[in-house]
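Here is what each chain is made of, one letter per residue.
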Amino acid sequence: MDQFQLKFIDEVTDLINALESSVLALENRTEDQALINEIFRVMHSLKGGGAMFEFYQISEFTHDLENIYDKVRLGEKKVERSLLDITLDSVDHLRHLLDEELAQSPDVLETHKTLTKRVVAELGEIQNTANPSSQDNKEAPHGLKTYYLLFKPAKDIFDNGTNPLYLVDEVCELGKTLTFARTHDIPKLETFNPLLCYTYWEIFIQTSLDQSEIDDIFMFVEDQCEIINEEIAQLPLLLNESFTNKVNKNALENSIQFNLEQLKKWAKEAEENTSETEIIAAETTLVKEKIQKFTKESKIASIRVTADKIDLYMNMVSELVTAQASLKLFSSKLKNTTLLEIAENFENITTQMRDNALGMSLIPIENMTMRFRRLVRDLSQGLGKKISFVTEGTDTEIDKTLVEGLTDPLMHILRNSIDHGIETVEERKKAGKSEQGKITLRAFYSGSNVHIEIEDDGKGIDAEKVRLKAIEKGLISPDEKLTDKDIFALIFRPGFSTAEKVTDVSGRGVGMDVVRRSIADLRGEIETESKINIGTKITIKLPLTLSIIDGLLVRISNTFYIVPLSSIARIHELKFSELKTAYNNIATINDRQIPFYLLREELEIDGNYPEEVQFILVKYRNKEIGLVFDIIEGEYQAVLKPLGKLYKDHDIISGASILGDGTMALVLDTNKIIDKFSAN
Amino acid sequence: MIEEDKITNTFLTFRLGEEVFAANIEKASNIIEMTTITKVPRSPDYMKGIINLRGTVLPVIETRMKFGMEAKEYTRTTVIVVFNVDIEGEKSIVGAIVDEPGKVIEIAETDIKPPPTVGAKYKSELIKGMIKTEDQDDFIMLLDIDKVFSMEELLHIKETTKEIKDKEL
Numbered sequence: 000m001d002q003f004q005l006k007f008i009d010e011v012t013d014l015i016n017a018l019e020s021s022v023l024a025l026e027n028r029t030e031d032q033a034l035i036n037e038i039f040r041v042m043h044s045l046k047g048g049g050a051m052f053e054f055y056q057i058s059e060f061t062h063d064l065e066n067i068y069d070k071v072r073l074g075e076k077k078v079e080r081s082l083l084d085i086t087l088d089s090v091d092h093l094r095h096l097l098d099e100e101l102a103q104s105p106d107v108l109e110t111h112k113t114l115t116k117r118v119v120a121e122l123g124e125i126q127n128t129a130n131p132s133s134q135d136n137k138e139a140p141h142g143l144k145t146y147y148l149l150f151k152p153a154k155d156i157f158d159n160g161t162n163p164l165y166l167v168d169e170v171c172e173l174g175k176t177l178t179f180a181r182t183h184d185i186p187k188l189e190t191f192n193p194l195l196c197y198t199y200w201e202i203f204i205q206t207s208l209d210q211s212e213i214d215d216i217f218m219f220v221e222d223q224c225e226i227i228n229e230e231i232a233q234l235p236l237l238l239n240e241s242f243t244n245k246v247n248k249n250a251l252e253n254s255i256q257f258n259l260e261q262l263k264k265w266a267k268e269a270e271e272n273t274s275e276t277e278i279i280a281a282e283t284t285l286v287k288e289k290i291q292k293f294t295k296e297s298k299i300a301s302i303r304v305t306a307d308k309i310d311l312y313m314n315m316v317s318e319l320v321t322a323q324a325s326l327k328l329f330s331s332k333l334k335n336t337t338l339l340e341i342a343e344n345f346e347n348i349t350t351q352m353r354d355n356a357l358g359m360s361l362i363p364i365e366n367m368t369m370r371f372r373r374l375v376r377d378l379s380q381g382l383g384k385k386i387s388f389v390t391e392g393t394d395t396e397i398d399k400t401l402v403e404g405l406t407d408p409l410m411h412i413l414r415n416s417i418d419h420g421i422e423t424v425e426e427r428k429k430a431g432k433s434e435q436g437k438i439t440l441r442a443f444y445s446g447s448n449v450h451i452e453i454e455d456d457g458k459g460i461d462a463e464k465v466r467l468k469a470i471e472k473g474l475i476s477p478d479e480k481l482t483d484k485d486i487f488a489l490i491f492r493p494g495f496s497t498a499e500k501v502t503d504v505s506g507r508g509v510g511m512d513v514v515r516r517s518i519a520d521l522r523g524e525i526e527t528e529s530k531i532n533i534g535t536k537i538t539i540k541l542p543l544t545l546s547i548i549d550g551l552l553v554r555i556s557n558t559f560y561i562v563p564l565s566s567i568a569r570i571h572e573l574k575f576s577e578l579k580t581a582y583n584n585i586a587t588i589n590d591r592q593i594p595f596y597l598l599r600e601e602l603e604i605d606g607n608y609p610e611e612v613q614f615i616l617v618k619y620r621n622k623e624i625g626l627v628f629d630i631i632e633g634e635y636q637a638v639l640k641p642l643g644k645l646y647k648d649h650d651i652i653s654g655a656s657i658l659g660d661g662t663m664a665l666v667l668d669t670n671k672i673i674d675k676f677s678a679n
Numbered sequence: 000m001i002e003e004d005k006i007t008n009t010f011l012t013f014r015l016g017e018e019v020f021a022a023n024i025e026k027a028s029n030i031i032e033m034t035t036i037t038k039v040p041r042s043p044d045y046m047k048g049i050i051n052l053r054g055t056v057l058p059v060i061e062t063r064m065k066f067g068m069e070a071k072e073y074t075r076t077t078v079i080v081v082f083n084v085d086i087e088g089e090k091s092i093v094g095a096i097v098d099e100p101g102k103v104i105e106i107a108e109t110d111i112k113p114p115p116t117v118g119a120k121y122k123s124e125l126i127k128g129m130i131k132t133e134d135q136d137d138f139i140m141l142l143d144i145d146k147v148f149s150m151e152e153l154l155h156i157k158e159t160t161k162e163i164k165d166k167e168l
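Which chain is which? The protein sequence lines are E and U, in order.
Going letter by letter, the first sequence gives residues 0 to 679 in numbering that gives the first Met the number 0.
Going letter by letter, the second sequence gives residues 0 to 168 in numbering that gives the first Met the number 0.
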C-alpha cells in the first residue's frame, strides 16, 4: 500500500464518520437540504477517491448510493427509514472495505453482495422507468469543459466588506483559468472615488466541474453583481492555442468586454481542430492536480499525528518536568544567582510546554458521541421506544486515554437508560408524558475535573425497591438509615441488578459495578440522582488528565508520599499524644468527630510518629476522614508513572513519581486506602 | 575445527548463595549497583520495592526470598540485574537482587540437558535446562525468566534445584 493510499484511508475514515453523523442527524430532520447535500458530497468524494486510489469496491459501492442521494437532493425521492437503514449499514460496510484483508473476507464479500442488492433495489424504486445501464454509461471519465464567466461587481460592493479578488481567486482554484481584469471603467483621477469598485473580470475556466459550482462561489453576492456564466465548449479549450491566441489578441486590441457570440464561434472552430491527444493530456494533468489537492487539503488547518507520537511526546515532557524539578533543587542549593535565574526561566518554559502537551492529547467528547447516537437509535428501534438523544457541551475536551476507558462504561449507562429508564410509548402516554423519551448527554468542566452527565426523563429508580433488594442481597442491614444518594450508590455494588427480567440489552447481573470500577480506574467518580417518573441522572466526574497531577508531598519516616490535592479538604497539625489516646480512631477537631487512620500502622511502616503530626482530611464519599503523616514537604506537581504489572493488585498506590533528587514518591489513592482500611 | 551446525546460545550467570543460575542474555538488559529502594507498603516481603531507573519505575525483587532462600545482608558484590520479562503478554522490566553477577557464557544447544521432572510440575517448568561447564563442578540451572518473574508466589527453587540434582547424580 503506498503512502497516498494510507493517507486516503485516513481521510476516508473521517469522511465516513462525517457521513454517519449526517445520516443520524438526517433522521430527525428528513427535509434538511444542507444535510442531504452533505451526504451527497461525501458519497461523491468516496466514489472519486476510491477510484483514484484503487479502492474499487468502495467506489463501485458508493456509486449507486450517490445516485440515490442525487435523487433525494433533486427532490425526486423522500428520505425514508429504509433508506436511512441502508445508508447506516453501508457506513459500517464501508469501514470494513477500507481494511484490505477484511475487505476480501467471505463475510464482508457476502455483505457486499446483499447490500449492493439492497442499494440497487432502493435505487430501482426511483428509476423504474429509466434504463439503469444508460446511467452507468454516462459516467464518462472526467469531461473537461470550458466556461466563460463575466463577473462585474456593483460599484458599492466594498461597502459590505466583500473583496472581489477573493472571489476571482476562488474561481481560479476550480481549474485552469485565463483571466482578464477590465479596467476601462476607472474614471479620471479627479472623479475617482476610492471607495468604489470600477474593475470587472472576465474569466475562462477549464474544469470538469458543473456550471453550478461556479455559480455557488457567487452565492452571497449575486444581487450585487452582474454575472454571466456560459458553457462555451465541452472541451478543454484553453489548451487550444488558436483559441487562446484569438482571445488574447482580442483582449489586447479592444479593452472592452468580449462578445459572447464571437467567443462561441471561436470555440466552435477550435472544437473542430482539437485532437484527442490534447484532451487526454489535459485530463491527466487534471487528475494529478486532484490527487495533490486531495492529499494536501487536510494539511492546512491541522496535521495528523499518530497517537504513539503524542504518547512519546507526553512521556518526554514528563521527563522534562522531572528534570526541571532536579535543576530547581540543585540550583537552590548552590545559591548561584545566574543559575537560579536560568532555572526559573527553565521552569516557566517547562510549565508552558507541559500545558501545551496536555492540550495536545485532549480531544473533544464529540468524537465518541456519534457511537452513542447510533446506539440510541438502533436500540430504541429494537425495543419499540421513541427516544431522542441530545448532546450538550460536546466540545469539552478530555485526555484521549480517558476517551478509551470511558466509552464502554458510557455505553453501558446509556443501554440502561434506554432499556430500563425510558418507558414504552404506551407507558409514557399513561404517565402523561410526551411519546418521545429524551436522553441528554452533557459535558462540562468543573475546576480541574470534567463532568459528564447522562440524564433521561424515564421512569426513574425506586429508592425503596433498591433498598429492599440490597437487604435481600445482604448488602445492607434492614435497620440501616440511608439517604437516597447512599441507596443509589448501592447500584454500583458488585452483584446488584434491579432489572426485573434479563434482556438482550442490559441486566445481566454484572453491570453497574463494572462501570464503577472502570470509572475508578480512570480516577473518576460516579453518582446517581433519580426521581420516580421524572428521570435519572448519572454523573461521572473525571480528572482532566491522567499523567500529571497536583499533589501534596508528605513523608512518613524516609518514604515520600503524594496525596492528590483534589482529594484534600483541610490540614491540621496535631499532637500525636492526642491521637494515641483517641477512642476507636475518632478525633475531635473543632467539636467535630472525625474518624482517622494512622497510616504508619495501616501501611506497616516501622518507627514511631514524631510529637507533631500532620492530620490531613481527605474527602471520601461526602465525608471527611483523617490520614496521619509525619511531615508535609509542600505542594508538588507529580508526573504519575505506573508501578507496572507486578503491582497490578496493589491499588492503594496509583503510581510513583520521581522527585527532583531522583528518589521515588508513592502516589496514594486515598479512596482506595479508606475502602481497604474500613473493610478490615 | 569449527562444527558448523552447532547452535550456540549466550547466557548470563549469577550467583545466589552456593547456587549458580543462568538466564538467556537477551533477557538481561542491565546490571546496576545496589541503591536505596522505596518499599511499596503492604506488598509481599520478597517485593523489595521500586527504584528510579533513568526515569522509569523499576520494581525490584529480593531474589533470594523469591527463591525460598534465607535473606542475607547485602555485600560489595550484591547487584541488581535488570531483566526484560513478559508478564501476561505485556513487556515489563524487573530488577532482581543477586549475590554476585557471573559471566557471559556461550553454550552449544546440545550441551544443555533437559531437567528431569521432579516434585510439583510447575516448579521444574521454571528451569529450562541444566548446563555443565568445564570450570564449574556443579550444574548451572538455566532459568525461564518470564515464568520466574510472572509468578506471584514464592518459588522454593532451592528445593527444586536440590531435587533435580539428587535425581541426576
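Derived by calculation from the structure, the hints in this document are not laboratory data.
Hints may contain errors.
Said to hold, decoys possible - Derived contacts from chain E toward chain U, CB cut-off under 10 Å, selection only:
1) Asn532
2) Ile533
3) Lys536
4) Thr558
5) Gln636
6) Lys647
Ideal Cβ positions, reconstructed from N, Cα and C, are used throughout, including at glycine.
Now for the hints, and whether the structure bears them out:
1. Asn532: Hint violated; Asn532 of chain E Cβ to chain U Cβ min 47 Å, cut 10 Å.
2. Ile533: violated, 45 Å
3. Lys536: violated, 37 Å
4. Thr558: holds, 6 Å
5. Gln636: Nearest chain U Cβ about 16 Å off; hint violated.
6. Lys647: Interface hint status for Lys647 of chain E: holds (8 Å vs cutoff 10 Å).
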